[in-house]
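Colleague: Listed below, chain by chain, are the residues.
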Amino acid sequence: AQRVTQPEKLLSVFKGAPVELKCNYSYSGSPELFWYVQYSRQRLQLLLRHISRESIKGFTADLNKGETSFHLKKPFAQEEDSAMYYCALSGSAGGTSYGKLTFGQGTILTVHP
Amino acid sequence: DAGVIQSPRHEVTEMGQEVTLRCKPISGHDYLFWYRQTMMRGLELLIYFNNNVPIDDSGMPEDRFSAKMPNASFSTLKIQPSEPRDSAVYFCASSLSGIGLIYEQYFGPGTRLTVT
Numbered sequence: 007a008q009r010v011t012q013p014e015k016l017l018s019v020f021k022g023a024p025v026e027l028k029c030n031y032s033y034s035g036s037p038e039l040f041w042y043v044q045y046s047r048q049r050l051q052l053l054l055r056h057i058s059r060e061s062i063k064g065f066t067a068d069l070n071k072g073e074t075s076f077h078l079k080k081p082f083a084q085e086e087d088s089a090m091y092y093c094a095l096s097g098s099a100g101g102t103s104y105g106k107l108t109f110g111q112g113t114i115l116t117v118h119p
Numbered sequence: 018d019a020g021v022i023q024s025p026r027h028e029v030t031e032m033g034q035e036v037t038l039r040c041k042p043i044s045g046h047d048y049l050f051w052y053r054q055t056m057m058r059g060l061e062l063l064i065y066f067n068n069n070v071p072i073d074d075s076g077m078p079e080d081r082f083s084a085k086m087p088n089a090s091f092s093t094l095k096i097q098p099s100e101p102r103d104s105a106v107y108f109c110a111s112s113l114s115g116i117g118l119i120y121e122q123y124f125g126p127g128t129r130l131t132v133t
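Protein sequence lines, in the order shown, are assigned to chains B and A.
Note that this note's numbering gives residue 115 to position 109 of the first sequence, counting from 1, and the numbers run on in steps of one.
Note that this note's numbering gives residue 72 to position 55 of the second sequence, counting from 1, and the numbers run on in steps of one.
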């Protein structure tokens, strides 16, 4: 079975402060991890995926297989980062994704001016 | 492409009534997913299809829920009879599979369902 845990439902920081949204997972196989973001009144959209090792809007996330974590980080938070963030996991085998995503409960990030 | 299209955007109905939610995936995508979002439980996968065939419906809460995908461009999620605890935002998403690659899921705007 696969599971994704986001321990914080709410996270508040001030503008310019570092922010870290935590994500832990459990999966016996080779996982693919994603972060999705949902801004107010907008649809859910992909923020980044671990396989790309990219930085989007200043956010980065490193897959730590030893700690089974995929925390999302940004050194200097901006007010426009305020949103709901979901960590998600997809199982895969032989390079083929199973397609199904398991989402965490989500973390609402609020960045105060 | 207009992206994933869902209708209606808002639905208010009385307990016991039948509710049908509709989804049009992105053209060419071969996976379609139905999710439910609530404050208490977050985002839950209800069912997903691959090439119009249901693959995993283990997330469907109970027999009151059913989903169909008669063709590659249309899917429905039906609740009959509806109950107040079904009130939630229902999302449809689609994606494209590929060996050796993982494609992102594209979400629709959601249908906000309120059952009174």
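Honestly, the hints are just simulated from the structure, not real lab data.
Keep in mind the model is a prediction, meaning the values are calculated, not measured.
Accuracy of the hints is not assured; some may be wrong.
Once the Cα atoms are required to be at most 30 angstroms apart in a straight line, the calculated DSBU-like pairs of lysine-lysine come out as [unchecked claim]: (1) B:K15 <-> B:K28; (2) B:K63 <-> B:K28; (3) A:K95 <-> A:K41; (4) B:K79 <-> B:K21; (5) A:K85 <-> B:K106; (6) B:K15 <-> B:K63; (7) A:K85 <-> A:K41; (8) B:K79 <-> A:K95; (9) A:K85 <-> B:K15.
Colleague: Would you mind marking each hint as holding or not holding in the structure?
Modeller: Here is what the structure says about each hint:
1. B:K15 <-> B:K28: Measuring from Cα to Cα gives roughly 10 angstroms; hence the hint holds.
2. B:K63 <-> B:K28: The hint holds at about 18 angstroms.
3. A:K95 <-> A:K41: holds (15 angstroms)
4. B:K79 <-> B:K21: Cα-Cα ~14 angstroms, so holds.
5. A:K85 <-> B:K106: holds (18 angstroms)
6. B:K15 <-> B:K63: Roughly 22 angstroms between the alpha carbons, so the hint for K15 (chain B) and K63 (chain B) holds.
7. A:K85 <-> A:K41: holds (12 angstroms)
8. B:K79 <-> A:K95: violated (39 angstroms)
9. A:K85 <-> B:K15: violated (33 angstroms)
When held up to the earlier numbered hints, the structure conflicts with 8, 9 and fits the remainder.
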